[in-house]
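Asker: Listed below are the residues making up each chain.
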Amino acid sequence: DAGITQSPRHKVTETGTPVTLRCHQTENHRYMYWYRQDPGHGLRLIHYSYGVKDTDKGEVSDGYSVSRSKTEDFLLTLESATSSQTSVYFCAISDRSLRNTEAFFGQGTRLTVV
Amino acid sequence: AQKVTQAQTEISVVEKEDVTLDCVYETRDTTYYLFWYKQPPSGELVFLIRRNSFDEQNEISGRYSWNFQKSTSSFNFTITASQVVDSAVYFCALSEADSGTYKYIFGTGTRLKVLA
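Protein chains in written order, with the numbering used here: chain A, 36 to 149; chain B, 583 to 698.
Be a bit skeptical, because a hint or two may be false.
[Claimed, not checked] Reference listing, derived: stretches of chain B covered by chain A, where coverage requires no fewer than 3 residues with Cβ under 8 Å from a Cβ of chain A:
{"no.": "1", "region": "596-606"}
{"no.": "2", "region": "625-634"}
[Said to hold, decoys possible] Simulated restraints on C-beta separations:
{"no.": "3", "chain 1": "A", "residue 1": "Asp-108", "chain 2": "B", "residue 2": "Lys-652", "range": "18 to 26 Å"}
{"no.": "4", "chain 1": "B", "residue 1": "Val-628", "chain 2": "A", "residue 2": "Gly-86", "range": "22 to 30 Å"}
{"no.": "5", "chain 1": "A", "residue 1": "Pro-74", "chain 2": "B", "residue 2": "Val-628", "range": "17 to 25 Å"}
{"no.": "6", "chain 1": "A", "residue 1": "Lys-105", "chain 2": "B", "residue 2": "Thr-683", "range": "16 to 24 Å"}
{"no.": "7", "chain 1": "A", "residue 1": "Thr-55", "chain 2": "B", "residue 2": "Pro-622", "range": "41 to 49 Å"}
Keep in mind that the hints were calculated from the coordinates and are not lab data. Just so we're clear, the structure is a prediction, and the values are computed from it rather than from any experiment. Where is the CB? At the ideal position from N, CA and C, for every residue including glycine.
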């Protein structure tokens, strides 16, 4: 299994509070991604990173920010959590070499905003 | 823009039946990759297979087979002699390569229920 660790695995937070989710990898992969999974929507890309300090927005980036100061860590921050951000969040990594183009996923973080 | 459509929201079959999960994609890139992932009830996402746009050869792995047809922009997944353990949500995904951004775009998933 790819070495991807998401923390926390579960979190309940109040509306309006900031929340940071962490994704840590031990594979030294260049590309990292944050997705959210909601019923009826599948997996939607929030932000992604193609290198240290290189990030870009996905299709549902409003209300989220990311940072990647080290190859191994990709942080997702909800500046002011809202109930619409209640979801399961997945981190993924990929090295996009010719042999390995697939993404590998972490175990997910279930976030509930009350 | 890239897009993946999985029109089948939920499929129910009886054990030992064959079942095909459909995936239709849209892309303007000439180089791209297609994937299938399985999400069992435990919630993790498990990579099953990838296909390159320049390789239309179909693939079989045990009871699983994949049919890639560029002419119809489809990448369908067939499970032969389904088993209860195949019950899961299956996602098809697309990643374009020409732009170099390497985003993965997923379909909305197909929930497969295999009844004993």
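Asker: Going through the numbered hints above, which ones does this structure break? Give me the numbers in ascending order.
Answerer: Result: hints 1, 3 and 7 break, sorted rising.
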